[in-house]
Every structure is written in structure tokens, then in C-alpha cells.
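Participant: Listed below, chain by chain, are the residues.
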Amino acid sequence: MYDLYKHVVWHSQPYKKILLVMKLTTLLLLVGILQVSASALAQKVTLHVRNAQLLDVLQQIRVQTGYDFAYTGKDLGATKPVTIDVKNDELADVLQRVFDGQPLDYAINNKAIVVSVKQPSLLDKVKAAQDPDKMDVHGKVVGEDGLSLPGAIVMIKGTGNSRATDSKGEFTLKNVVPGSIIVISFIGYTRQEITVSGEMGTIILKPAENPLDEVEVIAYGQTSERLSTANTSSVTSKVIGEQPVSNPLLALEGRVPGLFITQSSGLSGTSVTVRIQGQNSMGNGNDPLYVVDGTPYTSQLLPGVGNILGIGSAGMNGVATYGSPFSYINPDDIERIDVLKGADATAIYGSRAANGAILITTKKGKAGETRVDLNIQNGWAQVTRQLPLLNTQEYLQMRHEAIANDGSTVQPTDYDINGLWDTTRNTNWEKQLIGGTAQYRDINASVSGGSTGTQYLVSIGDHRQTTVFPGNFADEKISGHFNITSASSNQKFHITFSGSYLADDNRLPSTYLTHAAITLAPDAPPLYNKDGSLNWAPAASGSSSWTNPLAGLYDTYQSVGYNLIANSVISYKLLPNLEFKSSFGYTNLNENETSETPLISTAPELRSTAVNYASYTYKNLGSWIIEPQVLYNTKIGKGALEALAGMTIQQDQSRVNAVNGSNYTSDALLGNVGAAAVITPGTNLVSDYKYNALFGRLNYNLEDKYILNLTARKDGSSRFGADNEFHEFGSVGGAWVFSNEAFFSNHIKFISFGKLRASYGTTGNDQIGDYQFLSLYTPTTAGNPYQGARGLLPGNLSNPYLQWEETKKLEFGLDFGLFKDRVLLSSNYYNNRSSNQLLFQNLPVITGFGSVVVNLPATVENSGWEFNISSTNIKAKDFSWTTGFNITVPQNKLVSFPGLSGSTYANQYVIGQSLSVQRLYHFQGVDPATGVYKVSSTTDPFNPAYPDDATSLVNTFPEFYGGFQNAIHYHQFELDFLFQFTKQKGPNYAFGFVPGTFNTNQPIYVLSRWQKPGDITTIQRYNADYGLVGQYFNATGSDAAYSDASYIRLKNVSLSWQFPEELIHSVHLKTCRINLQAQNLLTITKYKGLDPENESPYALPPLRMITAGIQAGF
Amino acid sequence: MNCNIKYNKSSSNCWMSTLIIFSILLFNSSCKKLVETGPQSTSVNADNVYTNDATAAAVLNGIYTTMSQEAFSDFTGPTAVPLYTGLSSDELTLYSGVYDPRFRAYYLNALQANNAGFEFWNSAYPIIYDANAAIEGLAASNALTSAVKQQLTGEAKMVRAFFYFYLVNLYGDVPLVLNTNYKANATLARTPKAMVYKQIISDLQDAVSTLSTTYVGADALTATTERTRPTKWAAAALLARVYLFYGNLSGDASNYVNAEQQATSIINNSAGYNLVTDLNGVFLANSNEAIWQLQPVIANINTQDAQVFILPETGPSSSTANPVYLSNYLLNSFENGDLRKVDWVSSIKVSDTTYFYPSKYKIKTVGAPLTEYLMMLRLGEQFLIRAEARVQQSNLSGAQSDLNAIRARAGLANTTANDRQSLLAAILRERRVELFTEWGHRWLDLKRTGTVGTVMSVVTPQKGGTWNISAQLYPLPLTDLRSDPALVQNPGY
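Chains A and B, in that order, give the protein sequences.
Under this note's numbering, the first residue of the first sequence is numbered 1, with each subsequent residue one higher.
Under this note's numbering, the first residue of the second sequence is numbered 1, with each subsequent residue one higher.
Hints listed in this document are in silico derivations from the structure and should not be mistaken for laboratory results.
Values in this document were obtained by computation on a predicted structure and should not be read as measured data.
Every residue, glycine too, gets a C-beta built ideally from N, C-alpha and C.
Hints are not guaranteed to be accurate.
Computed footprint of chain B on chain A, listed as stretches where at least three residues anywhere in the stretch have a Cβ under 8 Å from a Cβ of chain B [claimed, not checked]:
id	region
1	246-252
2	843-856
Think about it this way: if two alpha-carbon atoms lie no more than 30 Å apart in a straight line, the pair counts; the simulated DSSO-like pairs of lysine-lysine are [said to hold, decoys possible]:
id	chain 1	residue 1	chain 2	residue 2
3	B	K183	A	K893
4	A	K638	A	K705
5	B	K183	B	K232
6	A	K157	A	K118
7	B	K232	A	K808
8	A	K364	A	K492
Chain A on its own, in the form it takes in the complex (with noise of 0.2 Å):
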């Protein structure tokens, strides 16, 4: 305290310049800590000036303050002029950058400020007198807010000589020919050319707007993708802004070749399946490793006590989940996805990244003027696509036929059509139950700001969406983001802290009603009675004839959720080349799910008999991270070197406590598990996962043409056995930017970038359970404990021989820049082989149980092309035209399995196949003479056996997909839309669901049934009384019941209208612009079912949204 203060009176006699060149943010920042009023310092000024001269802002100062400045006309004479916008800043704060970059220095003076000519040093002076036709060089390199630029290359142009700038920013070239041409370049920002002079100054580099020179971050640090060795993709806030949707990957649909993403399903908070160039592993593990500002986060949520947002997860290799562990992460608080593919790019991760890699970057506070934006979204949404069913006339005459075929008579219980049912009504229940409007509503605000030396971000969000089933469901969102960046004045010590916290609470029915949709009756009884209560529309018996659809919406779903994400970085820098680095991150994942199940979803008849239950579930998932680093840079040669070594340690404890209420005295008490006169144990599960790693990487760049890139890694995890624990992975990578070559950029002018990358590399994939390698015995569950006492019985068959599944990838790519960059084309080839196959192996039930986890010396190729194109086709003032394209043709293959046919896959895979690849019967159409399907068959068409019949191979896998994208900029206006496509085979409909059987509607593609002798078609003769479900397996198992599921999909489309300028400074806005956005708006597809994406007749297909919204900045 006493230093600080003696800091802060010490301004206040006369100084050398050196004290006033010190950083006086820290002093700044002080003085407003302590209310100290330093009379010198206290100043205000205020300057909106543009380009002006350098007399006029100090003629402005002097008005303001009343200090007088001290100077003579000619030391005025060589200044450059002086653009600065300050608003009530300290004297100091705003000398210090008007002659920022002036050749002249200033020194304060009681009340009088003396500038003069800058005087070169004692040591220049001597230098300069051996050698007077070189001179030494000197700047600062700074961003456009003002942050100097440590890490900058600084390279005399021709000469191969660089320098990069020291922590402060600054550089000092040794005897430089005057008149050379210096090239500044850094990531992320627009390279510069200037001729030297010797004192430069402060020079401001530009954000690029080159997309090669923007920033790309990878495993452990940024690169771009001019220099980048690696095959990534990524996504900006931006584009991300542009869809309204509530979960962040969603938002990647389209736009990264190699990447193919399913949603399950229309609701929020629904699981996404999500392939990176592929499906590597043949059982279990094909999620890509998600980090969150350097914090791994899990790609799966907990088991749970409801699935609604898990199932119908379809595409490729979908399995069933509990949900999206991102529909806890507000997409408004990412700044960049990052999509990391091949080996160069995710080998550093080792074992866990043989899926790939996703990084997601949260926004952070930039320096400047405090600004606060808000963002408010509001719109509605509905499912994509009604599958044309079977209206009342024609489902009657289907039921008739159905018993007539059967030859027999109305039964007392074929309600539907024996006079109990009003055969006259006609309901659309798909309307009726999944037809509603989703309400879905958006907030965010932010504010953020701060100084060169500090910066912050702040912001709160707000989401609310609801379903578009009946009833009152809704998934309510509430996040906060916090950001804080801190650098010392020196600039050597940096700190970043990160926190993101969201609380969600998603109420959902237990049970989609899709299914109910599609199938009930046209002519089923209505939802209510009069007098408003559930109709059960009891037979004489008393027996309810229908199990009412909204029965199933009393019985709920709530998931409540909260999620912390914490990270911290801090570096030192010991040496200008030498920093050591450590990021420390925190997640914690809560979740309380309720599922409830009153007695009033229970058949009136039946619930004398029949008790209300309940089920809850506490889940956690608490992780830690520590990952110290050292970076270290040198020259090499000619050749920049970038050393990184380090050192992960983490740990993940996951708990899972679920309890079962049962019998409780009263429906509004299911909430209590208290109120339940019968409480059982759930699941119970509590399970570490250690993880522990060294990792290192070499870059070595030489003049911008030749870079290698070497990475490796130790892994060690406890999900292995003893003899297995740690392993190493590696990878190598270069390219060689050939458009440097001077035979290029002398000749091939058209070609302004060209670069040919290739990699090599292995990583691994430990995604299994916990403790798969250890033979475990679980309490048992009962509600009445067997004699008193809990069971014990064997959870799991054990292999304590496990290891990694590793997989080697090689990839080439070959990138291109055409007519100064205005075209870019990009194209990879990727081979990417997994063996060693870590799955659950299939086994059969003699065996104990179904599965057990194993490494089967079996190798799954993933190979395929990957092409992006962007385009700047028109780019002028008040118009712009923007151009994208990706298209990824992959291909799986599972391509030696030694010892298939004698293994428990022998009836699975196929060698030479996709792993997708379905046995299927090959379907022969309906029987003309009996009306029946046959299939292809040795022994009987009508019943063949398996698999021996099963010959027909269809491949789900896709065949290719990607997205086209367009950008138009015209005056205020702003239109970008996505086309999304897929062209791939899938599950279909087309046979509808048993039909003829009691309250069953059908697709009308059953219309085409057999009726007669003779008749040639490919449904086979309704039938009532389930006498032909067998053959109707036989169909739904053939290779007709796969047919096109391609689509091609307008994703996403966003309008929007800044406001002119004038208009939003009369109302002290910075930005305002308003929108409208829309989400899958249109579907072009033959598919015959609901919808392509998710190809499911039971989960809800997903939403078309269409959202209006303004955006303002103040």
C-alpha cells in the first residue's frame, strides 16, 4: 500500500521522460483504485478528431486542460496526423497516443508540456557513425485496439531476414538498408509492407480480411490457415448468430466437409449425432473430442431416468443417448467452433481424438469504449413434413377388407368399426398431436470493454422454447458467460478466466406422440369429453376402447440441469522466445431428472389395480484439468522453430443416484419421493475416469514456404488394465507453400495462394465405460428385499486385457488461392485406418450377457475427398457477394476382419462393406395368387431363414453430402442462406404399420394393395387378425423397406437491415440491425416416411423455425 501510494506522489514532481513512458495503465488503474486525485494526471480530455494536425489536437488539449506545450513550428514540421476519439480519458492516457508513432518525445513539466525531436540513442549514434549507409530499425507492432503484438514477424523483404517482436511488441532491425521493405505479418491479421525509416513507430496491423489469414485455433495454440499444416474447419460467432438454435452444433449442420451431423429430434435439448470424417470404431466411441477453451467436455450425458431426448437417433451409427451434453452451452457465447480432421491436427490429443477433434472458443472482452450489445430473438416453429395417411373412408374400407380377407367377422372389440366409434369423424391427428406451433424466444446481453491492459466480457442470456405437442411443455434456459483478460504492464505475465454457468429446465411428456400421430385411427373418439376430462371412450364392458394419446402427456418428463465451465490460463514470459503456460479448467455437470407417471394417465378400469409412480435421478459430472506448458521459439537457419512441450492431468467423477417412488397417496404428490408409500433404489453409479499425459510439438518454419509440423503424445488413462495404462502417439505434417516459389508468383499470376499439405499420424480412442477391465458385482434393486437383504450379482463380463484402439491417419490436401485470393479452393484426401477395434463385442446371451468390451483385430477404413470453395464473387461498396461450397464423398469399409465368419459378427459385417451395411432380405413383391410378400428365399419365400436368406446388402452410409452457401451484402441489407444435402439410403415407411389391424392408420402408399388373384403390387393383402405379421416382418426386414432418404435442405436462411447510421446515432445506438431468421424452411426429398434426418416414425421430426430479431449495440 505505502509503494503504491509513494508511485502515485512521485508523479506529481518534475520526471525524466522515462516516467511518463511507463505503463500508465497500471498507474491509471491504481489511482482509480485508491481515489487518489493526482492533480497532473486527473485531467479529462475529450478529442473526436479525424486525420487532423498534430498542432490542432495539442491547441484542443491545451483549451481543456490548460497546460501549455512547449515547441518550435519546425519539430512540428514531419508529424503524421492524428485520428483519435476520446471521451473524458486522463491527460496522460491521451498524450501518450497522440504521439504515438510521432517522431518526437514530450515531457510534462509543472503545468507546461515540452515536446522535442526525438534524439536517436548513444548506441545508434555510434552505429550509425561505423556504418552510415544501414541503419538500425525499430517499431511496435499493435492491433487495432491498441494491444501490442508480441509474436509478430517482422521480415525484410527479399533478404529472408526476420525477427519476431518481443513481448512489448516492439522490434529492432540491425542495419537495414534504407529503402528496404519490411513485411509485418501474425496471425489473424492482415500482413503489412512498409518501407523502413528508422524510427517506425507504432504500426497497426489489421484483422484479416483474407480468410487464409485468419485465425485458426488448434490443439494447444492458433495458427492460420495460410501456414497451417492440418485439415480444419471452423465456424464463427457470426454464423452461428445467423440460426436460431438451441444447440451450438446444430449450427455446424452443412458447413464443414468431413463433418455429418444428425439431429434425433425436434425437440430441444435432443442428442446430436456428430462424425468427423466418419465411423472409426465398429462398437462404441465415434463422438469427436470436445474441448471448451482448452477444457475437454464430455460428449454424452449421464444415464438417466427418461430417454425422450435420446432416441431416434438415426444416421450414421446413431445410438441411443440421454440427450445433448451442448444444450447446456448458449451458442450466443462462442466466438468459434474449430473442426480439427486429420492426424497433424488432433494427434497431440492422443487417445482421445481419433474421432477428431471439435474446439469450441467463448467470446472475450476486447479493448475499447464499453459497449453493450443486446440480442433479441423471437419466433415459431413447426415440424418439416405430414406423411399423407389414410383418411376415414379409406381406413374403414381397409379394416372391412382386412376382416374379409381374414374371413371373418366384426369382432366385439374391433371398435373402431363395429358401431362404437363414430364412424363419421375424420381427425387429422397428426395436427391434432404434433401439428402445434413451438414458441421459441432468445435474449442476450453483453457488455464488455476495457483497457489495453485489462479486458472484460459480460453477458447474460434468457431462452425459452416450447413443443409442438399439446399441453404445456417448455425448455427454459438461463446463462451467464463471464470473461476476464489481464496482462501485466511489462507485458509478460497473462491471465485469462473464463466461467460460463446455464440452468436449464426442460419439461417434455415422457413419450413422443409422433407414433400415436401417424397410427391412430382417422375415426378414433375425441380427445375430451364435455364436461373437459379425458375420454376414454369405454365399450359396454367398461373397458376403454382406446388408449387416449394425451394420457401420455400427464405422464412428464423434467430434466433440470446446470452446468459450470470454468477455465483459467495464466503465462509468464521469462525470456522474449521463452513462456510458461498452464490452463486450469473446471466443469461441472448437474442434472435432476423427474419422471412422473400419475394414475390419471391410467385406464379408469384399470386403476384401482394399477399405482402412481415416480422416478428421480441426481447425475453429476465434475471434471478438473491442469495442463502446465512450456513454449519456447528460436531461429533455425533461415527457419522459425516453435517448441511446445506439456503435461495433461485429469480427473472426472461421474455419480448417478437414482430412486424410486411408488404408490403415492395422491397424484399432485409425485413430485415428493417422500409422499411414496414404497421408495426402491435406482441406478447408482459412481465412477472415476483418470487421464494423465505428456504431449510436445515442433514447428518449423522456413520463410513462410517449407513447414513442418511434428507432434506427440503419452497418453495414460484408467479405463485400461494394468499392463495397458499409457501409450504413445504421434504424428508428422508439412507443407510447402508453393505460391512463394518465385517461379510462382513471378509466372503463375492468377494463382496468389497454393499450398500441398500432407500428414501422418496415429491417435487412439478410449471411449468406454469406466472400470470395463475390472469383473464388478452391483447391489441388486428389488423393492422388497429378497429376505431382508440386498443381492449381489456380476455386472459385466471383464476383459483385463484391453488397449487402444488406435487409428493411423494420412491425408493430403492441395489448397488454392485464385485472382488475389478471391477464390479459394480447397480439397483433402483423407485415409484414415482404425484397428485393434475396441467394442462391445456381441455375444450371445448363453454367454451371461449380451456384450462384452474387447479389441478384435479388426481394420475399418474411412477414406474420402473433402472440397470447399469460396468464392468472393462481387465486392463493392454497397454490394457483396459471397460464395460457398462443400461437398465431402466419404467412404467406410471395414476392411480385414480376421476370423469373421467363425466370429459373433458373421451375420453383421460384411468384409469390403461399410460398417452400415444392412443383411436384408431381398424383397420379391406380394404373391399374385395369394396376396402375400414373398422374399427371396431357398427354402420358403413366404418364410425364410435367417441369415442364411438374408443375402441383400444395403449401405446406409451417405454417399456424399455437404452444403452450398451464399452471402449478399446490398446497402443495409444482409441475405446469407445454406442449402444442406445428403444423398444416402435409409429406413422407409413405405409399408406402413401392420395394416388392416384394429386402430392402426397407414401411409396411403398401402393403398396399392393386393386385392384379387392376379393382382401384381407391393403391399400384400390387408389383414386383420395379425395372421400375415410374419411375412409382414419378412418386408420391413427386406431390402424394400431401404429406399432414397436424400434430401436437399434450405438450413438455414437470415435476412437482416441495419439501420442507416444517421438514424442510430440520433438514438445513441452504435449498431442496430434487424432480422429475420429460418431454420430448415424447405425439404426436397422422395423419402417415404416423415423426415430424412432423423428417418424415425417415433421420435419428433426436426423443427422448421423461423424467428424475427433485432440486434443493437450502445
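Here the structure of chain A is known, so what remains is to put chain B in place on it, guided by the hints.
Facilitator: Below, chain B alone, put in the same frame as chain A:
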């Protein structure tokens, strides 16, 4: 702030080396620790289970819990056998409103491998694994009290034998899995029935010789009145049945001698077991007739049989809640004055139609105290086993006396059957009305006596299906056929 350059450099070098050395030390000394997790607090490592009596006993406890709890809605569990075999045979009628294809497939003897028929297989083998794990773990353990070890080993063998008995009767030849080596077991082929029977007999002989003669509690040691863990008598009772069945299969008459011997050992234990004269008391918890019962473990309910079979006032339901009622074939096979038709059959009249349903178990009320346990083995069956074994040994008077003991309790006069053929028929009919909807006796009896074809070729068409002799065996699950190439499907599927 303005430090001496030289000082700064040397100090940083020093820091750097310290940090690097520290990191290396940290990693090398603790990397093992950093990836080793402590014992999981929610489960027990297998190595520690058989090291003390309590955890070892809990394994068998877990097995009984599983046997008792598998929910009916999963189409497994104890109710599945009487329900499905009752539908397949002539015991139960499927309510016309039931549209679940699985029920219809059982009822019409039209199972398909992709449809149903594998439920019992899928629930039996995991329990056999648990029993195998227990047998192996107990054998390898030296830390247990010998009485406990002996009792638990006997119980595990009893359980294994019980499930193999049902597997071999429902599916024919089945893979004989006797250890936990999943690698070897994953490719097992089916073992001929006779071999499976021999294993069952061997397991039961072991169980008879090792199991306690009195009932024990959850610690497998303390005496209790709860008849919920197998005893020597339970093993003998099952062994008597198995000998009888194996005698039918093999034609080896020595099995009937053994069957009689085992049954006699129980019948003679009058201190332990008596026929309960009040028929309404037979199925109560720990009744005198019970040789082995399963305690219900599902919250709020007594037996699952009562939940499924007892019809509500609205009659049978089209859902899976109450899909069946007693068939006329069964009802007509009761003689006049049979008290079992009075006490073990109830009816409900719904709009002019009367539905009869089994009411051996009577407590359906939710939340009622536990007063009924699921009967696994009871004395009544032993009289009928011995009667049949005696006929097979031409001891007709002995057979008549056993048969009459059962008839007398039901309020019926002595049997008039007096030769081998008529006595065997009388015993079969008596079994039908004594043991209906208990553990599938009717279906199993039809098959072992070779009468299934003659009976079902009449009944199935009347149910609306077509009888094919291949329907007497249920299909193996497709999932197992896929993952075990050595398995062959039963004919007709």
C-alpha cells in the same frame, strides 16, 4: 519492474530448470497414480465378493431377486412360463381383443423366430451365468465358513439345474454352459438333451448331498421359517421330477426307481411337509406344502401371477395387463365336485360372457402386505410324480394310493383306474387339474408323454391356427443365432 537484464536472465534460467525438473519428477513419480482409480464405491470387485460369508451369500440372494423380479411387462420372469406355455397348450384362451402379435403367435402355435419364443432363453442364461460365477467363486475361495460355502454351492447348483430343466423342455437341445469363460461359451453348439439331463441330475445330486435340511436365512446359515431358499428337500423334489422326465426321454426304467426314491424322501418328511387340507391355504407364504417358494420382490405387489391372471371387473383386457382366461378344455376336465374348481378357479361376468381365471394366488390388491409367495416346488406334485413312477414300475396299488391322496384333498372319490394305461391317463389328467398354470406343467406333460400332437392337432385349429409338430419347441433367439454361428435353429423356424 526495471530489473537488471543479467539478473533477469539468470533467474529465469534457474526457474526454468526448476520447473522442468519438477515436472519430470512429478510425472515420473506419480504417472501411475494419476491413472489408477480407487475402488468403485457403488460395486464390489469380483475378487472381494467370495472373501466373506455375507457378500458370498448376497450373490445367491441376488439370483433369487432376479428370478422373482423380472417384470411381467418384459415378457420374462416367473409368470412368463405359465402364461406362454398355457397359451401354447390348451390351458388358456387369449382374449379376442389382444392384438399384440407375440401373444397371438404363442396362442396359435405360430411363433416365428423374429417375433417371440425366445423370452425364457434370454432370461435363463444370464441367471445360469450368475450361478456359474458363484460356483466358480465359491470353489476358489478358502475364506468362507464351510457350512456357508457348502450351502451356497448347493443353492447355485440347484438354480442351474432348475433353469436347464426348463431350457431343455422348452427348446430341446441347448448349449450347456457350465463356466464363465465367455470366449469359449460364445461359440458353443447345442448339447443333446440327454447330456443336459445328465448334468441336471449331477447338479441336483450334489445339491441333495450338500444343502441344509432346514431352511436358512439371508446369511445362508441361520435357521428361518421362510421357505425361500432351496434345501436338500427342494433339490430332491426337483430331482424326482427330473428323473421322471428323463425316464420318459431315455426309456431307462432305473430313472423311475430314482424318482420314487427322491419323492418318497420328501413325502416321508412329515415333520416338514404335509398336503394342506384347505386348498385356499396351499399358496400362502411358507405353507406346509411349500418345498421352495420365491418371495415377491417387486414393490407394492404380491405375486405377478395374481396380477396377470386375476381379471378385473371389466374382464380381460386387450392390453397386456390381463390378456388371458381359462380355456374350456381345462374347465371341462374338472370332475364334478372338484374343490379345486371352487377354490382355485374364479370367474367374472362381463356383459353376458363369463370368464374363468386361475385364482391359486388371490392377492392382487396393490400395496397389500406380502402373504403369498410364488410356489416353485410343492408336495402335491411329489405325490403325482411318485404315482407315475410307481406305475412305471408296475406298482399299481402304490400309484393309486398316491393319486388318491391328491384326489381326496380335492374332495374327490378314489380313482377307478386300475391298469397301467388307465392309471397313466388318470395321473396325467390329475396333473392337469392339480398343477394348472403352475410353471407350465401341462405343456411339458403333453410333450414328454408324446401326446402333444394328438391333443394340439385338435385344439390349435379350434383356436384359429394350424398345428405343426415343430411348434412343440420354441425358436431360439435370432440374436444368439447371429452371434453364435454354431447354433442351429429348431426345425420349422
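Participant: Next step is simple, just say for each hint if it's right about the structure.
Facilitator: Evaluation of the provided hints:
1. 246-252: violated (count 0)
2. 843-856: Result for this restraint: holds, n = 9.
3. B:K183 with A:K893: Holds. K183 of chain B to K893 of chain A sits at ~26 Å (cutoff 30 Å).
4. A:K638 with A:K705: Holds - the C-alpha atoms of K705 of chain A and K638 of chain A are around 11 Å apart, at most 30 Å.
5. B:K183 with B:K232: 34 Å, violated
6. A:K157 with A:K118: Since the Cα atoms of K157 of chain A and K118 of chain A sit roughly 27 Å apart, the hinted pair holds (cutoff 30 Å).
7. B:K232 with A:K808: 60 Å, violated
8. A:K364 with A:K492: With Cα atoms ~20 Å apart, K364 of chain A and K492 of chain A stay inside 30 Å; holds.
Hint compliance for this structure: hints 1, 5, 7 are broken, all remaining hints hold.
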